[in-house]
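Following the hints, position chains B, C, D, E and F against chain A.
Chains as they are written, first to last, in my numbering: chain A, 1 to 307; chain B, 1 to 307; chain C, 1 to 307; chain D, 1 to 307; chain E, 1 to 307; chain F, 1 to 307.
Hints were generated in silico from the structure; no laboratory data involved. Nothing here was measured: the structure is a model prediction, and the numbers come from that model. It cannot be assumed that every hint is accurate.
Just so you know, same-sequence chains aren't split out, so a pair can sit in one copy or run between any two.
Under the rule of at most 30 Å between Cα atoms (straight-line distance), these lysine-lysine pairs were calculated in the DSSO-like manner [as the list claims (entries may be wrong)]:
| no. | residue 1 | residue 2 |
| --- | --- | --- |
| 1 | Lys246 | Lys97 |
| 2 | Lys122 | Lys71 |
| 3 | Lys63 | Lys122 |
| 4 | Lys122 | Lys66 |
| 5 | Lys147 | Lys63 |
| 6 | Lys28 | Lys122 |
| 7 | Lys300 | Lys246 |
| 8 | Lys66 | Lys97 |
| 9 | Lys122 | Lys97 |
| 10 | Lys63 | Lys246 |
| 11 | Lys28 | Lys63 |
| 12 | Lys71 | Lys28 |
| 13 | Lys71 | Lys147 |
6 protein chains.
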Amino acid sequence: MSGNDNKCMEERIEGILTSLMDSFSEGKYIDQANSYANVDEEQILHVLEDLRLIIFQGFFSNKRFKVFTTKNNTSMLLEDILYVLARQIARVLPYEKEIFCGMTDEELQERALDLTLQFLEKLPAIRAVIETDLEAFFDGDPAAYNKDEIIYSYPGLYAIFTNRVAHELYLLGIPIIPRMMTEHAHRETGIDIHPGATIGKYFFIDHGTGIVVGETTEIGEHVKIYQGVTLGALSTRQGQALRGRKRHPTLGNYVTVYSGASILGGASVIGDGAVIGSNAFITSSVEPGARVSIQQTTHKGLPSAMA
Amino acid sequence: MSGNDNKCMEERIEGILTSLMDSFSEGKYIDQANSYANVDEEQILHVLEDLRLIIFQGFFSNKRFKVFTTKNNTSMLLEDILYVLARQIARVLPYEKEIFCGMTDEELQERALDLTLQFLEKLPAIRAVIETDLEAFFDGDPAAYNKDEIIYSYPGLYAIFTNRVAHELYLLGIPIIPRMMTEHAHRETGIDIHPGATIGKYFFIDHGTGIVVGETTEIGEHVKIYQGVTLGALSTRQGQALRGRKRHPTLGNYVTVYSGASILGGASVIGDGAVIGSNAFITSSVEPGARVSIQQTTHKGLPSAMA
Amino acid sequence: MSGNDNKCMEERIEGILTSLMDSFSEGKYIDQANSYANVDEEQILHVLEDLRLIIFQGFFSNKRFKVFTTKNNTSMLLEDILYVLARQIARVLPYEKEIFCGMTDEELQERALDLTLQFLEKLPAIRAVIETDLEAFFDGDPAAYNKDEIIYSYPGLYAIFTNRVAHELYLLGIPIIPRMMTEHAHRETGIDIHPGATIGKYFFIDHGTGIVVGETTEIGEHVKIYQGVTLGALSTRQGQALRGRKRHPTLGNYVTVYSGASILGGASVIGDGAVIGSNAFITSSVEPGARVSIQQTTHKGLPSAMA
Amino acid sequence: MSGNDNKCMEERIEGILTSLMDSFSEGKYIDQANSYANVDEEQILHVLEDLRLIIFQGFFSNKRFKVFTTKNNTSMLLEDILYVLARQIARVLPYEKEIFCGMTDEELQERALDLTLQFLEKLPAIRAVIETDLEAFFDGDPAAYNKDEIIYSYPGLYAIFTNRVAHELYLLGIPIIPRMMTEHAHRETGIDIHPGATIGKYFFIDHGTGIVVGETTEIGEHVKIYQGVTLGALSTRQGQALRGRKRHPTLGNYVTVYSGASILGGASVIGDGAVIGSNAFITSSVEPGARVSIQQTTHKGLPSAMA
Amino acid sequence: MSGNDNKCMEERIEGILTSLMDSFSEGKYIDQANSYANVDEEQILHVLEDLRLIIFQGFFSNKRFKVFTTKNNTSMLLEDILYVLARQIARVLPYEKEIFCGMTDEELQERALDLTLQFLEKLPAIRAVIETDLEAFFDGDPAAYNKDEIIYSYPGLYAIFTNRVAHELYLLGIPIIPRMMTEHAHRETGIDIHPGATIGKYFFIDHGTGIVVGETTEIGEHVKIYQGVTLGALSTRQGQALRGRKRHPTLGNYVTVYSGASILGGASVIGDGAVIGSNAFITSSVEPGARVSIQQTTHKGLPSAMA
Amino acid sequence: MSGNDNKCMEERIEGILTSLMDSFSEGKYIDQANSYANVDEEQILHVLEDLRLIIFQGFFSNKRFKVFTTKNNTSMLLEDILYVLARQIARVLPYEKEIFCGMTDEELQERALDLTLQFLEKLPAIRAVIETDLEAFFDGDPAAYNKDEIIYSYPGLYAIFTNRVAHELYLLGIPIIPRMMTEHAHRETGIDIHPGATIGKYFFIDHGTGIVVGETTEIGEHVKIYQGVTLGALSTRQGQALRGRKRHPTLGNYVTVYSGASILGGASVIGDGAVIGSNAFITSSVEPGARVSIQQTTHKGLPSAMA
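Chain A with its partners taken away, still in its complex shape (with noise of 0.2 Å):
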């Protein structure tokens, strides 16, 4: 390139630069100024990291250390975690106004602490109903050749192992960290269930594709739900208004909802032992026991716009 080209560059890029940052002084949300501050997605799938290993105790290799005794390779996860989310969760505690404002540093710094300290006191309880999940995923699919194979790669598990241990940070009242965490494993797995979302034990998940769990959603135990399901809101055009009120269904116990049914609305209950089937789309409840479907009418012939 000659010299006058690499000039006429330079002033190209100077331009550019002028207009971006004429663009960082309006005033728009995304203007921010301090990145230092922010919370670090690399940090909360870290944790997430260090969480399968301690649950999934003896399925993953530690490849940061070599460790014997499961002792001492949990002790030294359980610190890591501590370490690392304490961290971030002192980034995050002031998006809750009303309760930390006016904390010192460090008083946020103690808080997250605590909180986190809190939230590992639950592992115990989430292993427990984590092996009720594995049951019911091993006992519902004739796919699958033995545990392991679902440990190691079925996506519902990893969608549900990720909502159990967002779900107990949701519960402390920790901002976006749970979120960060269930949105990963949409990312991975294509099943958005939200971290407010609480579901009782045996749950299962098949192919999972397409899933949406609302915030507000209650479900029950031994429960079984398809790829493509949504349990959702009715029409959110209130927005913002809505916010924290029940607004997703609620599930009983050995609920079935096949691939592609949509559920809506918190005035909607299904009872226990309910089957939903595919493509169904309920606004309303539905008593224990019921079996509902669309009205199916193939016909032979395809619409125009396929032909």
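Relative to chain A, chains B, C, D, E and F alone:
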């Protein structure tokens, strides 16, 4: 292993190698020769990451260099993009044979630099429209506790950010690279928006998994779409013969399309303010303000398939 | 933090550790002891990456070694796969207890090497059929500007490449590893094709997110399927009792299945040239050449749920 | 390994752990508690690398960001140093108890930033003097084919570059960090120049291994020293009592010191233009222009030790 | 490059390969076959790094895991060493043919574990003696501003730390590994202390480059040595015939050896409190309290060689 | 930090940047413009590492690819070197202005490939002579327990390996790169052997730190040199005027040079079988079989300097 076995193993490896070498010389399309001249996806994703750092100024940490002043940080990112992207563009330009045939390497390189600069000059405008998307996301979703949560974790925002960036490269006539970007977002989010799609301000995607938006789709302002929505082509039986023709729908302003709905065909125009219900299947135009849904004939009793 | 607080924190950590150690000794399935003997997903994905370098010879750069001659590059990749894959296979063979029970480590290792070599011997044939898939993708999609774009960015091609590789390992009776590969592709693409599925030449997947293809599915040649299609089982209530039985459909040649359609059950045979419309729900056989769709009863007015 | 052996091993590990915990609580200096507040050598070397990129502008590639314009590249490096170095300086300032005792963390941080900026303001002057060193190296060494070879590979230039940088930090009263830099150069080159040493322009070091230049050494302009030269203290029996006192020699301009020579003591002043021969052992002053060497009494016949 | 040239290049590569394959089959010692069974230096250095983290408890950050409690941090490091070092020891034990010949792999592995545990049991004692070295360094060097500076940057302390660790492995009869450790320190510091050397408490090395301490050297307490000192063998003409014999000197307590001095031969005993001057060349014993130096015959005038 | 301070800091950074930009435009040698065209040391060391894998066939693991067959491993390494080294050679050839002036980039690239191939053709011969060095090391050193220990850990072997490789590149007239290799070995080992030095078979270096071997040195077969030996030039006052002239000594066969001895000058010829004692200072020729040492006048009593 005994030496004998080892010998045998080497012979088998040699046999496999020979048959593969034969396979490589059959003139198949996948028998290509020169891997050094090819586009490098890793570099493309590196550029996309840099762009996210610029567009969401201050939200994500730059891990490679620690920089206090926004201006220096931005100029550094601009140059990094310029260097990396221009090299990759120079590699793909020859795909556009009618235009770039016969250009020397140096001419290609200069053209690539110029195209990259043209692209970078669009960044302030891209930022302005993404700010409107962010507002639409926050207003539309009661589950969003604040805008940072959206920026850090919403797959829909990532998908529309990627489309807005890739669309500008598409408009500049750059082959392959825009698609690599949107397919990356597709992998991450399950949302498949072709870089050719034209999308207005205040666009809101909820959950998103399974969304498909085709190349010649046009979308107005303040449009909302939910998971599983297809804005697609009618039958593509003619295949390559359809290339370049308008074959995907047009949506007006303030249109809402609920989960699982499909709108197909280049002649389908959805009027301003129309609402398309879940799982609707639309292959012709819809009037402004219309509310369209499939007939619900839910009934008790499952098809035997699900009993 | 004061020394006192620190003391308290250490006590709490100790308490968590103790309760976790108790949790590990309850005999749950997830309380496994030896992480060193387990299959390592990272290694499996490394093998998949090597295979992509061989199969799409010349399209992706080998970043670990710079090699001019195709032959040397290929032999190096073959040996790398042989070394890494054989070690992982030796780890999973004991899952097939009836066959490998009582084998010494050395015998397992030799058997694993032999299986890996058998697999590698299939590579030229795999390449030949993937070439036909590439043609089907290009012919079927007017949005594809050239074949390179497909190789570099189409999730559907990645999914079918992974299935074709994993299917050969599945046929060799290797446990767990084939599923890890296809679930990786599932995560990347949202397309869940079980390694057991048998798929003919010239297979075309468009967009792909949400596709499910079950273990005992059989698919003919020149078949096209779109996003959200399920080729699944009917009720799996009997769970593990169904293992090994034919429970997914059979598709003839030149069949097309549009987005969102479900075809369920091992007895469902779709005849040559049949076309299944969007969102159709098929649980029995369809004659050759038939065109099947759901009855469309679109109407103005939304259900109150969406108003 | 049998379970029994494993048990035994765990007990032994436990025993080792207990004895180490006892060892940690004996109040030794090396039983320190808090590793998070300590200076991080990796960060110091990162700064040194950044400084080399600035000082030898254009000779070494910046691998983290690709930047065309010198100005942007430089500003980015400056800020990176500012961020990283200031944090490390804030960690070491408390070593200077008389000065920084009682400062809050924030005051320390501000002071550290100010010191870092003062240091950076010296960079143009440092560059100017290193240019003279480069000339001295080229003029003095017939084995140097060109100046680039010196910049890319001469250990002597690396050592003097490091000293000139570390010396400025030393003059600003920053503890520990300057020495970490020069000891790094010592490791790389075998040349041990204390950051306290004051060295004039046009300094030339040939080969360099084994050179020692003490803290209070003063060196004029156009001085040459060869491998194995010591500019050291006389007996340091008094140890810490000598701290801060002039105890190393002073060399005038145009002095040459050949390989293996030692010049010791704070009172030893070597006059302008003096030449000190190989292996000479000097403990008092030498007049300007003098030529000093040890008496050579080479003779035939080896001491029995070497026969 | 034209195809013709390319052909030619491939032929030349083929030719080089053939001649190398011939070279590999000539039965030279460097024509070894199996790289998988060999000791891995990277792992050895990893162990050395872990040991530094334990011995200087609290001075260096553990970057792989963040751990608050010293005990957990230590137990994790112990197990990491146990795992990694035992595997490497099992690889080198077969070098000691008389002892380990005929052992099965499992026996070797158990023996290696036992040896590693024996080594780890020495750590508290090693820490105690390194504390005395640290004191000697601080007391002896007026340039040391505090002990942390010594721990962070003094090459002499790194060399003696490495020797004390490697010496224990040497005493356990482990081949090759101890030497790999001390040669690593040699590379880093220019100080070459053989792992066989026996060194008393309060050992002080100043500057250190060029120091050589031979295998059968014995050194008392409170000894100081300076750069360039050799504690070596007399003529080693007999080569391997001397193996195992005492051939390096013995130094009493409170001995000082100034820079460049050589003390050679297994019969040379340096009495308590003796001081050996710079560049002295000692091949016989020296009485306690003696002060020995070479005759200085400095004169004006250089040999023509340096004129 | 307050906004005001921040402002002030930005101004200071701006000031530093401006003064550096001024510094860059003063026309100094270190004000170079284009960092992209420069030789990349990292790549050179990568080549050296590959060469070590080939030359010590089977001793070091190849971590990038796992390959069973020696032939494939070797061909892969050859091509990697060819690719990487040829690119770096093409960058340095223009330093030889008389020869390569006016060549196009393509011609330079072809020439670089040819030179790299010429170099690779020397590898079998290099291996043969390094085998003799290994024998000399083992025979000469009673501290060597076996030859593997030498290969894995002796700095002297690494230095002579590097010289033998670099010397061939030097003979091919390649600028800068050979010196980068030997200076790397110098950093690692403290042994500075210029790539121009010609060294016969069975060369043995013991300990090695501080050794200097000049560019025009010639060394026969079966020569031994110890730490601190200089084979150097006499006064280099004439500097660049001496370039290319013979200015370093010539050593015959079976010569031994003990630690610290210096042999200087191009006219100094050391006859076959001569032995040069420790610290001797030789500036003229020595007859075959002679034994030369300095007169030892050790005496009791230290110079006051050390008292």
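These are the hints, each one checked on the structure:
1. Lys246 with Lys97: Answer is within; shortest intra-copy Cα gap is 23 Å, inter-copy 50 Å.
2. Lys122 with Lys71: both (18 Å within a copy, 23 Å between copies)
3. Lys63 with Lys122: Answer is both; intra-copy 25 Å and inter-copy 27 Å each pass.
4. Lys122 with Lys66: The answer is both: 26 Å in one copy and 21 Å across copies each meet 30 Å.
5. Lys147 with Lys63: within (23 Å within a copy, 33 Å between copies)
6. Lys28 with Lys122: between (40 Å within a copy, 17 Å between copies)
7. Lys300 with Lys246: between (43 Å within a copy, 27 Å between copies)
8. Lys66 with Lys97: between (43 Å within a copy, 29 Å between copies)
9. Lys122 with Lys97: within (26 Å within a copy, 37 Å between copies)
10. Lys63 with Lys246: neither (43 Å within a copy, 40 Å between copies)
11. Lys28 with Lys63: Between copies, since 24 Å is at most 30 Å while 43 Å is not.
12. Lys71 with Lys28: The answer is between: 17 Å across copies meets 30 Å, while 50 Å in one copy does not.
13. Lys71 with Lys147: within (24 Å within a copy, 35 Å between copies)
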